[in-house]
Every structure is written in C-alpha cells, then in structure tokens.
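Trainee: Dock chain one against chain two, each of which comes alone in its own frame, and use the hints as you go.
So the sequences go chain by chain: A and B.
Here the working numbering is used: the first residue of the first sequence is 68, the next is one more, and so on.
Here the working numbering is used: the first residue of the second sequence is 41, the next is one more, and so on.
A hint or two may mislead.
Derived, one-sided and incomplete: chain A residues facing chain B with beta-carbon distance under 8 Å [what the hints assert, rightly or not]:
| hint | residue |
| --- | --- |
| 1 | Val71 |
| 2 | Gly108 |
| 3 | Glu109 |
| 4 | Gly110 |
| 5 | Lys167 |
| 6 | Ala172 |
Distance condition first, Cα-Cα at most 16 Å in a straight line; then the derived EDC-like pairs of lysine to aspartate or glutamate [stated by the list, open to error]:
| hint | chain 1 | residue 1 | chain 2 | residue 2 |
| --- | --- | --- | --- | --- |
| 7 | A | Lys127 | A | Glu161 |
| 8 | A | Lys116 | A | Glu161 |
| 9 | A | Lys135 | A | Asp122 |
| 10 | A | Lys135 | A | Glu161 |
| 11 | B | Lys81 | A | Glu75 |
| 12 | A | Lys167 | B | Glu99 |
Here are some of the chain B residues that sit facing chain A, going by a computed Cβ distance under 8 Å [said to hold, decoys possible]:
| hint | residue |
| --- | --- |
| 13 | Val44 |
| 14 | Thr72 |
| 15 | Phe74 |
| 16 | Lys81 |
| 17 | Ser83 |
| 18 | Thr140 |
| 19 | Met142 |
| 20 | Tyr144 |
| 21 | Tyr146 |
| 22 | Phe148 |
| 23 | Ser150 |
The set of hints was computed from the structure by calculation and includes no laboratory data.
Here a beta-carbon is modelled for each residue, glycine too, at the ideal position from N, C-alpha and C.
Take a look at the letters that make up each chain.
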Amino acid sequence: GNSVTQMEGPVTLSEEAFLTINCTYTATGYPSLFWYVQYPGEGLQLLLKATKADDKGSNKGFEATYRKETTSFHLEKGSVQVSDSAVYFCALSETDSWGKFQFGAGTQVVVTP
Amino acid sequence: GAVVSQHPSWVICKSGTSVKIECRSLDFQATTMFWYRQFPKQSLMLMATSNEGSKATYEQGVEKDKFLINHASLTLSTLTVTSAHPEDSSFYICSARRETGMGYGYTFGSGTRLTVV
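Chain B with its partners taken away, still in its complex shape (with noise of 0.2 Å):
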C-alpha cells in the first residue's frame, strides 16, 4: 500500500537553531503535500499545502518565514522550522495526496514530535 516514510520520529533542539523534517513517499508521486501541527490537547491543524514546483500555501496565522516548506520532487517535501523557540515545540505530521482510480487517497506519516530547549 501507499506508505510515506517521515524523518524524524523525534527530535530535540537548542533555542535559535533549525530543523528540517522530511516526508517521503516510498511507492506513488505525491503531487500535493500536506503539512499539520498539533499542540498538546489540541487539534491537528492544517499549517500550508505545498505542490510540487511551486511555493507552498500557508494557512493563516502560520508564519511562512519561520516554517520553509519545499516541495522540490514529486516523492520529498521537507519543513524546516528556522529558528526554532520552545513555543513551537509540537507534532508535525504530513499528508501526501495521491490519486487513485476513484479521486484522491490521503497517506499520512508518522509524524515528528519536535521540542526546543
């Protein structure tokens, strides 16, 4: 089945440096990826969408400056929380779209459990 691989499952930062996590899918192209936050207790939410070859959409409230998204070949889209702060400490997860014989089917990844020190 469609499976997208997302590296790291964890990750433990210093205030002030960056983190990218990746999103990979294994066997489709996805030409549209997905990228959500979830802080504890809350709802995942819907931070951009990002298609391949062309910048991503943020939603509002999400700073496109601090979260690079880049979604640069049909199997890797990557984001980069630049100049991470303990605030952003959260899960990311992302969704890849694929199309199937009847529309789209939505794969999502593991997710990534960032905290900032």
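With the rest of the complex left out, here is chain A (with noise of 0.2 Å):
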C-alpha cells in the first residue's frame, strides 16, 4: 500500500536558517505529492502540491521538488522566520481516490529569533 515517511521533530532552528524537511513515499501509481501546515490552533493548510515527476510547489518561500526516482519530496525554505513555525505535513493522493490523502507523522518545527 502507499506510504509516507518523513523526518521525526521537532526541529529547531534559528530564525533566518535554513530548513529542509525529508519526506519519501511510496506509491502503486502516479500520485500527487502535497506539503500541510497547521498552525496552533488550526486546521490543516494546503502550503504546496506537486502533480508530477519534476513538478515544483512553490508558496511563502518555501519549495519542493517531486522527484520520483528517489521517491522524495522535500520541503526547503532557505531563510525561516518565527512565523513558520509549525507542524508540517507531507502527503500523497492517488488520483483515482481524489481527496483521500496518506500522511505522514508530521513534523514539528520550532523557529526560535
């Protein structure tokens, strides 16, 4: 079945760092990847999505690449601010389950000034 792992938090950075998130999945087809936020106290936001191989998902600064020959899509932001701290989810949805998503454990990131 399909899978999603990413990297345990929290992580904790200081503010103007660099921050990568790992995320890989696995997958019988040809899914779309995503990238959650959820913020204290809110729901779950849609932060980026690829559709396909190579596809990058742009929004606030932050990026990530679908790379489907090492089944990875890492969220990147290469200067973090106070405000990005958060929880952050990577997800896949197979297009013939549109709006089921896999998640993966999500991970916690805390940006210190």
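Mentor: Structure representation (structure tokens):
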C-alpha cells in the first residue's frame, strides 16, 4: 500500500536559518504530492503541491520538487521566520481516490528569534 | 476563505461514554467529508468518507458501529465515538471537499484531541 515517511521532529532552528524537512513515499501509481502546514489551534492548510514528476511546488518561500527517481518530496525554505513555527505534514493522493490523503506523521518546526 | 469549524478542540471523557465531534463548513457546501485520526508519533490515517445524505464508507479496520458518522446536511458532519475506551484516545480531524473553479479543494478542521480515562 501507499505510505509517506517524513523526518521526526521537533526541528529547532534560529531565525533566518535554512530549513529542510525530508519526505519520501511509496505508491503503486502516480500520486500527487502535498505539503500541509498546521499552525497552533488551526486546521491543516495546503502549503504547496506537485502533481507530476519534476514539478516544483512553491509558496511563501517554501519549495519542494517531486522526485520520482528517489520517491521524495523534500520541503525547503532558505530563511525561516518565527512565524513559520508549525507542524508540517507531507501527503500523497492517488488520482483515482481523489480526496483521500495518505499523510506522514508530521514534523514540528520551532523557530526561535 | 473556506473555513471548517471543528468542535470541541479537546475533550476528556470517562471510559464507556460516548463523545460527539462536529465539523461544520462555514461558508461553503461540503458534499464529501473525510475523517482522520492520528495516534502519537504516527501518521494521520483516514477512517472514513461520508457523502451528504448517504452512509459513510469506512476504511479497513475501522469499526463502523463504534465510530458513527452522520452527514445529514451539506454543512455539518459529526463523528460519534461510542462506548469510548482508552485506546480510542487520539487526535481526530475532518476534511471537507469543496468545489473550486478548477476542480476540488480540501479544507481541514483544527482537530479534536480526545482523551479517554
């Protein structure tokens, strides 16, 4: 079956540091890949997505590239801010089960001033 | 933007009692609602999918008689954990599907932390 594995947290960084959260997946078909973010007390929000190999999703300074050869979708941001402190979830969805997501366990990121 | 209000955000209940969790779409109609749960240090796992006005479809291994899902209107879906036990303690979160101009979007609730004592 499908699965998503992402690095365990918490990840603690200083402001303006470089952030990478690793995410790898296994899937039987050709899934779309997503990063969701959950700020304290809020629901999961879509951060970015990529629907096919070599696509790069980007939003709010975050980027992730769909790498089929390494089955990865690592999230990166060049200079984090305190406001980026949140839990980040990597997820996939097969096109034939649209709406059903397979999530990773989430990675908590803490950015200190 | 699209908002899903999920209540309660946390609840503590005694073993053997039932707990109801509500998800309400505030500014759109949710024809389909997904319910997930997350045990500590594990992934969010899909429990069931519900379509308005019809019975929910449960994922393998999820007891439909224990986790009752009602989706009676286009703006409200509820999950009732019946006869809760400590092993049901988990984080529950809903996701509502909405139609956008280019297909579908998914809006998540903020989650409910259930602790059964």
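Trainee: Go through the numbered hints given earlier and state which of them the structure violates, listing their numbers in rising order.
Mentor: Violated: hints 7, 18 and 19.
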